[in-house]
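Colleague: These protein sequences, in sequence, are chains A and B. For reference, each letter of the first sequence is one residue, going 1 to 344 in the numbering used here. For reference, each letter of the second sequence is one residue, going 1 to 332 in the numbering used here.
Keep in mind the hints are simulated off the structure, nothing from the lab. Cβ coordinates follow ideal geometry from the N, Cα and C atoms, glycine included. A portion of the hints provided could be inaccurate.
As the list claims (entries may be wrong) - Which stretches of chain B does chain A cover? Using the computed rule of at least three CB atoms under 8 Å from a CB of chain A, they are:
1) 58-66
2) 76-85
3) 266-277
Each chain, letter by letter, is given below.
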Amino acid sequence: MSGSLRSTLSVTEQVLTKLPDYVNDIDVSPDGRRVVACSVSGDICIVEEDGSVRFLKAHEGDVVHAKWSRSGQFVASCGIDGALRIWDGVGSLVNESQHKGWATCLAWRADVDEVAAGIGRRAVRLLANRMNPVKHVELKTTVESVVWSNDGRYLFAGHYGGVSVFQGAPNPVKVFPWKGAPLTVAASPDGRWIVSGNQDASLHVWKFSNGSELQMTGFATKVLLAAWRRDSLRLANASMNEISEWDFSGKGPKGSKPIGMLGHSSRIVGLGYAPTDPDLLGSVATDGSACLWRPVKSGNSLVHTHGTQYVFTSMRWSTTELRMVCGTSTGEVVSVSFNEVAGQ
Amino acid sequence: MVVMSSNDGKVPVTVVTGFLGSGKTTLVNYILSENHGKRIAVIENEFGEVGIDDALVIDAEEEIFEMNNGCICCTVRGDLIRILGTLMKRRDKFDYILVETTGLADPAPVAQTFFVDDEIRAQLRLDAIVTVVDAKHLSLHLFEEKEEGVENEALEQIAFADRILVNKTDLVSEEEVVVVESHLRSINASASLVRTHMSKVDLDWILNVGAFNLERVLEVEPTFLEDSEHQHDLSITSVGIEEEGLVDVAKVNDWLGWLLGEKGTDIFRMKGILNVAGSEQRFVFQGVHMLFDGQPDRTWFDGESRVNKMIFIGRNLDRNEIRQKFQQCLVR
Chain A
1 MSGSLRSTLS VTEQVLTKLP DYVNDIDVSP DGRRVVACSV SGDICIVEED GSVRFLKAHE
61 GDVVHAKWSR SGQFVASCGI DGALRIWDGV GSLVNESQHK GWATCLAWRA DVDEVAAGIG
121 RRAVRLLANR MNPVKHVELK TTVESVVWSN DGRYLFAGHY GGVSVFQGAP NPVKVFPWKG
181 APLTVAASPD GRWIVSGNQD ASLHVWKFSN GSELQMTGFA TKVLLAAWRR DSLRLANASM
241 NEISEWDFSG KGPKGSKPIG MLGHSSRIVG LGYAPTDPDL LGSVATDGSA CLWRPVKSGN
301 SLVHTHGTQY VFTSMRWSTT ELRMVCGTST GEVVSVSFNE VAGQ
Chain B
1 MVVMSSNDGK VPVTVVTGFL GSGKTTLVNY ILSENHGKRI AVIENEFGEV GIDDALVIDA
61 EEEIFEMNNG CICCTVRGDL IRILGTLMKR RDKFDYILVE TTGLADPAPV AQTFFVDDEI
121 RAQLRLDAIV TVVDAKHLSL HLFEEKEEGV ENEALEQIAF ADRILVNKTD LVSEEEVVVV
181 ESHLRSINAS ASLVRTHMSK VDLDWILNVG AFNLERVLEV EPTFLEDSEH QHDLSITSVG
241 IEEEGLVDVA KVNDWLGWLL GEKGTDIFRM KGILNVAGSE QRFVFQGVHM LFDGQPDRTW
301 FDGESRVNKM IFIGRNLDRN EIRQKFQQCL VR
């Protein structure tokens with residue numbers, strides 16, 4: 001993609017399948033060929049590259065998250081029934097673990113087929129290989145977000161009071177304290193930074209090596225979404241209908257102002273850098289809009305906006321093309337492709 | 001200071017509080033069993049003795065978050081935010097929410113959740129706080145000696161209430177009920193009271209009453225008992241102001257800002273109607289701790305007595321100081 005992208009795009013929209021109700025989460029397999037989505041109905045669907053769809057009754061009540069393993073062999077799901085389950089690519093149950101409380105978050109480890117989930121006040125770890133025991137750690141409050149370091153060494157759990165870092169043992173090896181409620185945690189791919197989006201409308205940043213911290217405040221609402229660019233030099237976050245991008249090059253964003261991006265008229269529910277062009281940022285909102293951004297310090301960062309009839313609830317980029325897959329409040333799984341127009 | 005707002009078209013939420021054994025669960029079961037045509041979701045912190053059939057019942061584990069938003073007393077219920085957020089994804093399946101708190105719950109974080117969390121504010125409306133009291137054992141709880149710094153939950157649940165069910169009246173004499181009611185009115189002069197047996201009450205009296213709607217502020221005429229013979233040694237009381245005259249809007253703004261800054265932690269609820277100089281409209285306001293909302297309301301009617309009316313319910317309130325400071329806001 002080039003800098004002339006703004007004037008040479010067309011958008012193709014396609015409904016891949018429909019779940020019975022509100023889509024809570026959506027994910028694309030690492031090879032870009034398959035999509036998984038989960039619903040408040042308790043169902044999961046796996047959409048194959050040829051368009052065929054497999055439906056699973058995965059949980060009692062809401063399936064909160066469903067995600068592909070980094071190996072692409074498994075799907076993990078968790079629900080408000082307190083269950084964490086691992087499925088193979090054809091929908092057979094591989095392993096499961098039952099706990100008390102609602103599941104809130106889910107993350108696969110990059111180097112091993114091991115998944116972590118926040119269920120009630122536990123951070124639970126489950127391997128695809130049944131021979132290994134389930135592990136969990138207890139925290140004092142509900143685990144709102146789990147994320148692994150890119151090398152798989154550390155598991156970060158966001159909870160009221162900060163972010164705890166685990167490395168095998170049940171006690172945290174580090175705690176990044178914050179007198180507030182982190183709602184989402186994002187670790188930079190290079191391992192230097194830990195970021196939490198918080199209930200108190202702030203973004204909190206810690207340097208992993210020494211725990212030094214920064215805080216960004218003044219957001220309109222709580223911060224539910226934060227996404228790192230692949231090179232760890234940029235972080236984007238969304239609060240209500242506004243996106244901010246922070247420059248983490250050099251010594252980090254201390255004292256700097258973010259690039260602000262306004263293009264949606266309602267709450268942003270999906271945010272991420274495009275794997276096929278990491279300079280491009282994508283976002284979707286409950287107003288049915290899908291936006292493509294190339295963040296610039298001065299001028300207009302908006303590359304393209306596409307309106308749909310849907311209330312979007314979630315979004316993930318395809319790993320192989322400039323295509324978003326989105327969940328909706330009425331159960332549709334929608335593909336939104338941004339295509340270069342030839343000859344312009 | 002955070003501004004609250006109330007809009008129609010949102011799902012109403014009634015919070016049911018009350019000390020242990022007062023009859024909260026009986027009330028919730030009674031509401032669910034009555035033919036009111038509402039599809040109700042219930043969030044409870046403790047399961048009662050009676051099973052609740054045909055209703056969406058969710059068990060919650062109380063989790064209180066302090067907010068770093070400049071309000072030192074601002075706390076919210078993290079568990080409620082999660083559960084209400086999940087409920088709103090299927091809002092076509094119900095049209096009313098009941099939150100039953102534990103007997104030991106502080107109502108402030110529950111109430112503040114509806115004003116502080118933006119997603120909840122956009123979709124839900126706190127309708128009223130309904131407190132059930134046990135007429136037989138109330139005095140025991142009210143005058144219970146607590147260690148310093150430990151809250152008396154029974155007192156706070158009454159202080160926050162919009163509606164109070166004086167329950168189990170069959171277990172006490174008429175004289176005892178009168179004493180209980182006088183205790184209740186001295187703590188919270190703006191709540192409506194009703195005597196009940198087995199928590200049976202006209203549902204229109206507790207559901208969809210709009211107690212947090214600015215338009216209905218002080219719809220219930222407060223009964224200020226401070227000058228009556230019923231004086232009680234309770235740390236939580238109501239201070240009422242009823243005074244004619246025009247108020248200077250800048251001065252009253254400064255005064256309310258000062259009051260909330262200095263006393264916000266101690267003021268549980270406040271409501272008022274003001275006669276603002278230069279305006280033909282009533283100015284209405286209300287607050288929960290430091291959360292404050294105010295706006296111009298309807299035009300004063302011809303011949304209507306333009307009286308400023310306010311009520312403050314809180315701990316260790318200095319009645320004379322509040323009155324004197326208000327009087328300094330009047331246009332001379």
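Colleague: Run every hint past the structure and note whether it holds.
Modeller: Checked hints:
no.	hint	verdict
1	58-66	holds (count 4)
2	76-85	holds (count 5)
3	266-277	violated (count 0)
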